[in-house]
Amino acid sequence: MNAPAELAKVIASQPDATLGYKDFSLGSFSFHRDEYFVHIGWKTRDGRPMSHTMDAGSYLRALMRDVAWGFFYGWVNFDDVFGTVNHYESVDLYAGSFNGTMKDAGIDLLENFPTAQIRATFEAMLDDWTNESFDPFAAPQETGSPYGRKNGNNTAKITRARELAKRCVGLKGDLDLRSDERGAPVNRAFADVPQGQPELHPEPGFENEVHAFNLFGFLSRSQVTWNPSFTSVVKHSYMCPTTEEHILPIIHGNDRVEWFFQMTDEIHWDCGDKNTGRPMARVIMKAGDMAAMPAYCRHQGFSPKRSMLLVWENGSPSLVYEIQKGESPEIPVQF
Amino acid sequence: MNAPAELAKVIASQPDATLGYKDFSLGSFSFHRDEYFVHIGWKTRDGRPMSHTMDAGSYLRALMRDVAWGFFYGWVNFDDVFGTVNHYESVDLYAGSFNGTMKDAGIDLLENFPTAQIRATFEAMLDDWTNESFDPFAAPQETGSPYGRKNGNNTAKITRARELAKRCVGLKGDLDLRSDERGAPVNRAFADVPQGQPELHPEPGFENEVHAFNLFGFLSRSQVTWNPSFTSVVKHSYMCPTTEEHILPIIHGNDRVEWFFQMTDEIHWDCGDKNTGRPMARVIMKAGDMAAMPAYCRHQGFSPKRSMLLVWENGSPSLVYEIQKGESPEIPVQF
Amino acid sequence: MPATTSATPAAYKTRFGSLKHFEKGHVEPIDDDVRHYAFSNCFEIASISKPYEKVVFGQNQIYVLETLRAEGASPWYTCAHDEFALVMDGDVEVHLVQLDASQTVADKDKNGAVLVKGEPKGRKMGWMKLSRGHQGLLPKNTAYQFRNAGEPGVIVLQSCKGELSVEKWADICQSH
Amino acid sequence: MPATTSATPAAYKTRFGSLKHFEKGHVEPIDDDVRHYAFSNCFEIASISKPYEKVVFGQNQIYVLETLRAEGASPWYTCAHDEFALVMDGDVEVHLVQLDASQTVADKDKNGAVLVKGEPKGRKMGWMKLSRGHQGLLPKNTAYQFRNAGEPGVIVLQSCKGELSVEKWADICQSH
Ligand SMILES: [Fe+3]
Ligand SMILES: [Fe+3]
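Chains as they are written, first to last, in my numbering: chain A, 1 to 335; chain B, 336 to 670; chain C, 671 to 846; chain D, 847 to 1022.
Keep in mind the hints are simulated off the structure, nothing from the lab. Possibly wrong hints are sitting among the right ones.
Chain A stretches covered by chain C per the calculated footprint, using a threshold of three residues with CB under 8 Å from any CB of chain C [unchecked claim]:
hint : region
1    : 180-190
2    : 196-203
3    : 206-213
4    : 255-261
5    : 266-278
6    : 291-301
Virtual Cβ for every residue (Gly too), placed ideally from N, Cα, C.
Construct all of the structure, not just a fragment, from the sequences and the given hints.
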């Protein structure tokens, strides 16, 4: 096992003389970006070169989530070919391993990396390949083009910290409410969301316990899309609401059942088999709808208007072991 | 059989009060666009509703080709789910019929329409859903966003005629050369392509037979991407060169073998099974490379820089019948 | 550098659901059992629920999300852990009492709310009024009561499954 | 309204291939036989060809695309149908003669070029000089000759398969 400093060493080339971007490599994988694309290269087990091409915008939006979420729960598929699986202390990087045909053909590659190593590489890649005019967290109508040659950086926007309440948003010492002053104006698509806070009538001494906040108002001020925050916590039950617009940049395959509560507007989900990618269901969710994503599926959402989605996650640390032992059910409920 | 006028009747709603776009229907299919997406709806054979969501930009770029090419040869897959099959006097419209899993699950729908009917509907849809700032023929770096609410039209750009030489570009009475004056300036990505015409030394009376032209110069002035022209014709052998940048907006499944000659720069192709979509090969083509697309595959290209591709098609009218009778080989050559 | 094409900012209408007006989506199965998606709608559930019936509509191991129809005054509840109430429709008051140790849940690890036996004893902590989109903390070991005076409302409760939780999945979920 | 982010137009370099410098791509099979893609490269073919060997590198029923190494003067050819010559490298002169009926191809439906027997008889039509990217018409029933004086060049010929066409697919195509 290498020392942490060694693990976090990023292997990158000098910037390309014309394009301005660096090439990266991680284990047996190579990464190259040009004006429009990201090219991923690897070798099959019998030594033949394989490659995969992704649109640079799609790739950077996916990479942004993978980095910001710390590789999240389970599978972060950038598309039908490429992605990561989180093992919480290490991360699998793969090409083709969760594509039914590529896996069957044996031309896939999966390599495991210490989390520090893949994180450092992904962070450096994200910073080098994101131009100043492009914000991968923003909705397409809110940002510029991801294409073209290297043109500055957007480091502040790609290093936003995830907002995680410990007990509840707005409690003393916990995550603050969002406001204009804190750099969180109301999003154009939520201009009609009432901003008033709940009436609180605490008796003296109970000011931090008689507590409520305007969750919809809080979400209307989200500056990012497809990036859950924690707003309230019951033991290891996390309310992770988020605002969604356009396409979820990843196809998520959770290692556990995950629940979606659609609080406003609508999202359409494509659900497929986690291991092969073949389509299994569409889930059309409107305001007030609840649906579970079974643990055997991967899912990608489409939100026509910025909407409020409550992602409800079970973050129990023992769950990882139950999943490994096959004791965690893949379906949400039997009836 | 209905009369032609009846066939060309387009079924469209009034414009949506907020979005400004019309809904369309064709047979059992419904079509709706919003700020980001096109939503396609149909019913399964047992009467259940099914739907499919596509990014509006991807949809309009694909629709543009399907309309401009008169439904082309064989399959024009808009993506892994939706598309058309040309039968030359009629056209199949389908959802899921060439997706292995959806077809096996029996939830797909395929309906056949007279060409005049589907063409009129597609043309009206393309015109209504394309805003003035978006040119679906242009490369992403050359045009504005396809997203948002209805904002004008771009009729001139979406009704460009396909440029088809009868014998050879530049011959008297045949397709003209391109020039600044004719509205065809040199593309930024081909500024280094020599514009000189070949030296011609005809004897008197042979001016229209001692003929040559600068094909690369002609292509450097293409105003569109992924839209082949005819430049020279030998019997039913058509040279269909085209300039490519970013992603081929459709996944083409030809009904016959098709050849690609990469004249400059490079294109990477994803090739999959025509009937199911499962991946079969990647083809990396650089300047001077030739490759055939077997008739059993569907293919989609990725061109990092605007490049010149010669698509070489066999347009023999008898080929359609040979294909129907299974007499046309699916592979280009035996060796 | 926004790529927006509109000259003027467009006015958006956020769609909320309510007991009186909700549109329910659905699962479109391709090759799967729709019951595995446990698809329901909180407004539909509340429209067929008894007042303050704690209908589980999301569960993950010990954890639940429940839909409650807020109509009139609820019983007084207490719970050994924090809970949170998100109001999805109507106006709901939440009254809180710092419960005497004698009335709190004896088992500190007990999951889910229980009914307070008799009237809650202890100092009044105060109350709050929640409207649509407001989320309130129900601190552990307090007594709380929901009160709704006007049109019935809908609460989504973040909690653990307890003795008052009602499961009727077949009644609330899309099954084919 | 271009979405370009650069302030100044970027200079692009178009990559052409040549006999002296070409980079060849390849097929990456996933689940298919690479031979079904008949993958070759005109510069590589020309680099191993005899002068004016008509190497078929694309075929579709009766139609072909051939790669010719242009080096010195070719024989005189004639053909019952139009052909087209696209120069991919080097400078190539094409000399044309309006062939006397006695020397043209007797079978009007015959596919592909044939050698003119003896010196071509008929009026000189003129000549043209083609450089990289130039495409010239080789009108049916004329005699034509390619002449290359400098470094060898490469021609891609659009024609039909004929008696002079050379097929050596296994030598030019990626086979595994
Ligand atoms: Fe997820
Ligand atoms: Fe094609």
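Hint by hint, here is what the structure shows:
Taking a C-beta to C-beta cut-off of 8 Å, the region 180-190 of chain A contributes 3 residues in contact with chain C, enough for the three needed, and the coverage statement holds. As drawn, the region 196-203 of chain A meets chain C at 8 residues by the rule of a beta-carbon pair under 8 Å; at three or more, the given contact holds. Taking a C-beta to C-beta cut-off of 8 Å, the region 206-213 of chain A contributes 6 residues in contact with chain C, enough for the three needed, and the coverage statement holds. Counting residues of the region 255-261 of chain A whose C-beta lies closer than 8 Å to any C-beta of chain C gives 4; at least three are required, and the coverage claim holds.
With 3 residues having a beta carbon nearer than 8 Å to a beta carbon of chain C, the region 266-278 of chain A meets the requirement of three or more and the stated coverage holds. With 5 residues carrying a beta carbon less than 8 Å from a beta carbon of chain C, the region 291-301 of chain A meets the three-residue requirement, and the given coverage holds.
Hint compliance for this structure: no hint is broken.
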